[in-house]
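Since chain A is already given, all that's left is putting chains B, C and D on it; use the hints.
Number of protein chains: 4
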Amino acid sequence: MQVMVDFCVVPLGVGLSLSKYVAECERVLKAAGLTPHLHAFGTSVEGEWDEVMGAIRRCHEELHRLGAPRIHTTMRLGTRTDREQTLADKVESVKAKLKEPPQD
Amino acid sequence: MQVMVDFCVVPLGVGLSLSKYVAECERVLKAAGLTPHLHAFGTSVEGEWDEVMGAIRRCHEELHRLGAPRIHTTMRLGTRTDREQTLADKVESVKAKLKEPPQD
Amino acid sequence: MQVMVDFCVVPLGVGLSLSKYVAECERVLKAAGLTPHLHAFGTSVEGEWDEVMGAIRRCHEELHRLGAPRIHTTMRLGTRTDREQTLADKVESVKAKLKEPPQD
Amino acid sequence: MQVMVDFCVVPLGVGLSLSKYVAECERVLKAAGLTPHLHAFGTSVEGEWDEVMGAIRRCHEELHRLGAPRIHTTMRLGTRTDREQTLADKVESVKAKLKEPPQD
Numbered sequence: 052m053q054v055m056v057d058f059c060v061v062p063l064g065v066g067l068s069l070s071k072y073v074a075e076c077e078r079v080l081k082a083a084g085l086t087p088h089l090h091a092f093g094t095s096v097e098g099e100w101d102e103v104m105g106a107i108r109r110c111h112e113e114l115h116r117l118g119a120p121r122i123h124t125t126m127r128l129g130t131r132t133d134r135e136q137t138l139a140d141k142v143e144s145v146k147a148k149l150k151e152p153p154q155d
Numbered sequence: 052m053q054v055m056v057d058f059c060v061v062p063l064g065v066g067l068s069l070s071k072y073v074a075e076c077e078r079v080l081k082a083a084g085l086t087p088h089l090h091a092f093g094t095s096v097e098g099e100w101d102e103v104m105g106a107i108r109r110c111h112e113e114l115h116r117l118g119a120p121r122i123h124t125t126m127r128l129g130t131r132t133d134r135e136q137t138l139a140d141k142v143e144s145v146k147a148k149l150k151e152p153p154q155d
Numbered sequence: 052m053q054v055m056v057d058f059c060v061v062p063l064g065v066g067l068s069l070s071k072y073v074a075e076c077e078r079v080l081k082a083a084g085l086t087p088h089l090h091a092f093g094t095s096v097e098g099e100w101d102e103v104m105g106a107i108r109r110c111h112e113e114l115h116r117l118g119a120p121r122i123h124t125t126m127r128l129g130t131r132t133d134r135e136q137t138l139a140d141k142v143e144s145v146k147a148k149l150k151e152p153p154q155d
Numbered sequence: 052m053q054v055m056v057d058f059c060v061v062p063l064g065v066g067l068s069l070s071k072y073v074a075e076c077e078r079v080l081k082a083a084g085l086t087p088h089l090h091a092f093g094t095s096v097e098g099e100w101d102e103v104m105g106a107i108r109r110c111h112e113e114l115h116r117l118g119a120p121r122i123h124t125t126m127r128l129g130t131r132t133d134r135e136q137t138l139a140d141k142v143e144s145v146k147a148k149l150k151e152p153p154q155d
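Protein chains in written order, with the working numbering: chain A, 52 to 155; chain B, 52 to 155; chain C, 52 to 155; chain D, 52 to 155.
Just chain A, same shape as in the assembly (with noise of 0.2 Å):
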């Protein structure tokens, strides 16, 4: 089943600075072959559910070694069977909807 998440990794007890370990996170993902798209809040990345779960376990894991005790993680995350989109489509399809004339 491919899924699309969207997800935003906190580690705790490293201080406030946080820049360095979503960084290896995205080393960590671009390793497992997947495309990260990050953002000022969190980074989306799609693929098969066990690849994509499997790629953000190995990044908790990597920000643990790294010296993270502790980390909060938080998730939005899509499937669907009516048809195929890409992270890329739903940015598209707002993005078609802004130049149409409001709603009413």
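Simulated from the structure, these hints should not be mistaken for laboratory data.
Some hints here could point you the wrong way.
Note that identical chains are pooled: a pair holds if it fits in a single copy or bridges any two copies.
[What the hints assert, rightly or not] Here are the simulated lysine-lysine pairs, DSS-like style, with alpha carbons at most 27 Å apart:
{"#": "1", "residue 1": "K81", "residue 2": "K71"}
{"#": "2", "residue 1": "K150", "residue 2": "K71"}
{"#": "3", "residue 1": "K146", "residue 2": "K71"}
{"#": "4", "residue 1": "K81", "residue 2": "K148"}
{"#": "5", "residue 1": "K81", "residue 2": "K150"}
{"#": "6", "residue 1": "K148", "residue 2": "K71"}
Just so we're clear, the structure is a prediction, and the values are computed from it rather than from any experiment.
Just chains B, C and D now, with coordinates in the frame of chain A:
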């Protein structure tokens, strides 16, 4: 790696009453040998990462099978290496603090 | 507009034990006249949008005052116009479905 | 208090295509004087707490007016007192780290 997960499943395209789908997820989790803790905005479970994520994948598969063409799920999850902690510990810990005088 | 909110506050830069901060939020919510429902991964509250969001803002202000330099919070929230529903209704509705035979 | 919020609006009871509702939210945010940053799984905004939360409330009100009987929204939000930070800073900070060699 042990993980604690709180998740909230929102099936789309099946009307406004979602409780029967949440109930099916409870059944899937129990069938997987997990102990779901239901609350008003989701369900908490704990266990090995792959076991828990596999069970949540089966929730999605089951809701699709029951007719939901699209599912939007959110998760909060935590892992830690400093000590063992259960979902019950987390609640007890806050309740103990509520019996103490407020901080200042 | 009535809203139901489930939120999870994660203060950063104050060590690994967060329960005392969660307990302070409970106190802030009660002082605001709300009825918090604590669970292992957050707290649910309901009320008028501005009242609830104002109380959660005061949780942030209070935790900053108590020494947390950074706070990461996640929320799930729901509004509906089709009927009135409370947090207690949501749990009861799922429990009622669990007493029925599974769907097929 | 300044806040950065990333939110994802899921209207229920309006079919499977949600992009037009997300587009309406973009319009509401801009009309409120905010600068929304759209991504595949949500929209990020920043500003004064009450201003941002008021604008998101108006998103809900507008989607209800357009026919959505129920709306499920999730938010990630951050406040900090140690330094000023913008949404753009957050992304730049991770990108800078990605140019450095991996941690070990």
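* Between copies, within a copy, both or neither: which fits K146 and K71 at Cα up to 27 Å? -> between (31 Å within a copy, 9 Å between copies)
* Could you figure out if K81 and K150 sit no more than 27 Å apart (CA to CA) within one copy, between two copies, both or neither? => Classified as between; 14 Å across copies, 33 Å inside a copy.
* Asked: Is it within a copy, between copies, both, or neither that the alpha carbon of K150 lies no farther than 27 Å from that of K71?
  -> Result: close only across copies, 11 Å inter versus 37 Å intra.
* First find the shortest C-alpha distance between K148 and K71 inside one copy, then the shortest across copies, and answer within, between, both or neither for a cut-off of 27 Å. => Answer is between; shortest inter-copy Cα gap is 6 Å, intra-copy 36 Å.
* Are the CA atoms of K81 and K148 at most 27 Å apart within a copy, between copies, both, or neither? -> Cα proximity of K81 and K148: across copies only (15 Å, versus 31 Å in one copy).
* Status of K71 relative to K81 across identical chains (alpha carbons, at most 27 Å) -> Classified as within; 15 Å inside a copy, 32 Å across copies.
Of the numbered hints listed earlier, not one is contradicted by the structure.
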